[in-house]
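A.B. asks: Okay, here's what each chain looks like letter by letter:
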Amino acid sequence: MIGDRMRVLWEAVFCGNFLIFAVMMLVVPFLSAGGARHSKQTLKISLEEVLSIGSLEDGALFQWVGVVSDSQKFIYVTDAMDYALKKFDSEGKLVKRAGGKGQGPGEFSAPRLLDCSEKYLFVTEQYMPVIKVFDKDLRHRFDIPLRAPVGDMKVLADDLVAVAVLTARRTSAVLFCNRKGEVVRKLEFSGDVESVLMDMVSLDLDAQGNLYLAYNFADRIEKYSRSGKRMWSRNLLGIKKVERKKVSSFVVPTEIVYKDIAMDGSGNVYVLGGELSKKRSRDVYVLSPDGKHLATFTLPESSHCIYIDADKFLYTRANEGITLKKYRMVLSREK
Amino acid sequence: MRRNQMKVRDSRKGTNAKGWIFVILFCVLFCSLFAVNAHAGECENALVRCINDPYWHATLAGPVYCATGYLFCKKYVEG
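Chains as they are written, first to last, in numbering that gives the first Met the number 0: chain A, 0 to 334; chain B, 0 to 78.
Think of the hints as simulated: they come from the structure by calculation, not from any bench. Glycine included, C-beta positions come from ideal geometry on N, C-alpha and C. Check before you lean on any hint, since a few could be wrong.
FRET-style restraints, in silico, Cβ to Cβ [as the list claims (entries may be wrong)]:
| no. | chain 1 | residue 1 | chain 2 | residue 2 | range |
| --- | --- | --- | --- | --- | --- |
| 1 | A | Lys245 | B | Val76 | 14 to 24 Å |
| 2 | B | Gly18 | A | Asn234 | 43 to 53 Å |
| 3 | A | Ser287 | B | Gly18 | 56 to 66 Å |
Produce the complete structure using the sequences and hints provided.
C.D. replies: Following this line, the structure appears as structure tokens:
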């Protein structure tokens with residue numbers, strides 16, 4: 000009798016412990032994995048606003064698109080709604096405005112991306128296969144004719160620009176063009192050519208000439224060496240395929256995964272997430288030059304682009320394009 | 000009897016008030032959801048309009064320019 004009771008009790012205790020043991024065996028690996036993931040991402044980045052240009056009251060900007068800062072600390076902006084290229088000093092005061100609506104020299108129909116070399120400013124047009132080149136006093140100098148409209152651009156020198164162009168042939172290549180628009184070098188990458196736009200990328204290059212790509216419609220960030228060898232490929236969001244929709248006779252992707260890519264002077268890569276990020280169009284993923292995910296931080300407002308100047312200040316959009324914000328990035332290590 | 004009628008009226012009032020609260024909550028939720036989805040599909044609609052536009056329709060490279068506009072719209076307007 001006593002023996003039976005003991006056996007029941009023993010079984011109950013044993014079974015209970017076994018259950019606890021089994022649950023712990025299942026849970027502990029997840030906890031430790033989470034800890035490992037946490038310990039991997041120890042860098043924390045916070046933003047301190049240092050400058051704000053444009054507001055509803057002053058009308059300095061109407062719908063800015065491209066931004067770049069030069070070695071003299073001037074800030075240049077393309078304003079799509081004002082058909083203008085604008086120059087601001089380091090305090091945010093408008094120094095000069097150029098452009099105007101039209102298709103003549105120095106005029107714009109849809110000014111978009113902006114970058115600069117030591118001497119020049121380069122502006123893309125959305126509906127024309129051309130890059131308009133201005134000097135730092137915003138005087139139009141010359142045009143770089145291209146074969147197709149530009150998806151993204153990076154200026155490498157006064158007479159050398161890297162462009163990702165949209166073509167019907169879906170070549171999946173970054174073209175390096177001189178001031179005459181001649182392709183002097185071509186770097187092919189592994190784009191998905193199943194449907195239109197799937198090979199569209201945002202691009203940036205480091206000081207060694209390595210190319211970094213963030214795919215606009217795929218969960219893929221890649222680094223290519225100067226010789227065209229793929230060095231690494233990362234997917235940060237775990238998305239296998241984005242939604243696509245038939246529009247007229249084309250099948251187009253409908254979810255933008257990554258919006259922009261930028262590099263700081265240390266070679267770290269900053270990627271702005273799109274509508275599939277946790278904080279859509281606000282999450283910025285920071286990767287080391289070897290592709291290690293260092294940190295993620297969130298912008299105060301959604302943005303279409305990110306730009307980092309030589310002093311590691313971050314520029315983003317606010318008030319849906321009426322305001323340009325400049326932030327100091329404060330890096331700290333999480334304990 | 001009268002007290003009972005009062006109680007019934009009060010409980011009906013309470014039920015009505017609860018009903019109104021649910022209706023208002025539903026309206027607020029519906030409106031906020033609509034606001035979130037207001038941008039959804041905006042770029043696709045613009046792309047259709049661009050492709051069907053006689054100006055772009057006439058040129059071989061028209062769809063490429065429409066695609067450029069779609070990319071810009073996705074980056075700037077949606078998301």
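A.B. asks: Take the C-beta atom of Ser287 of chain A and the C-beta atom of Gly18 of chain B, compute their distance, and say whether it sits inside 56 to 66 Å.
C.D. replies: Since the Cβ atoms of Ser287 of chain A and Gly18 of chain B sit about 58 Å apart, the hinted range of 56 to 66 Å holds.
A.B. asks: Just tell me: holds or violated, for the beta carbon distance of Gly18 of chain B and Asn234 of chain A against 43 to 53 Å?
C.D. replies: holds (49 Å)
A.B. asks: Tell me if the beta carbons of Lys245 of chain A and Val76 of chain B are separated by a distance inside 14 to 24 Å.
C.D. replies: 21 Å Cβ-Cβ, so the 14 to 24 Å window holds.
Against the hints set out earlier in the document, no violation occurs for any number.
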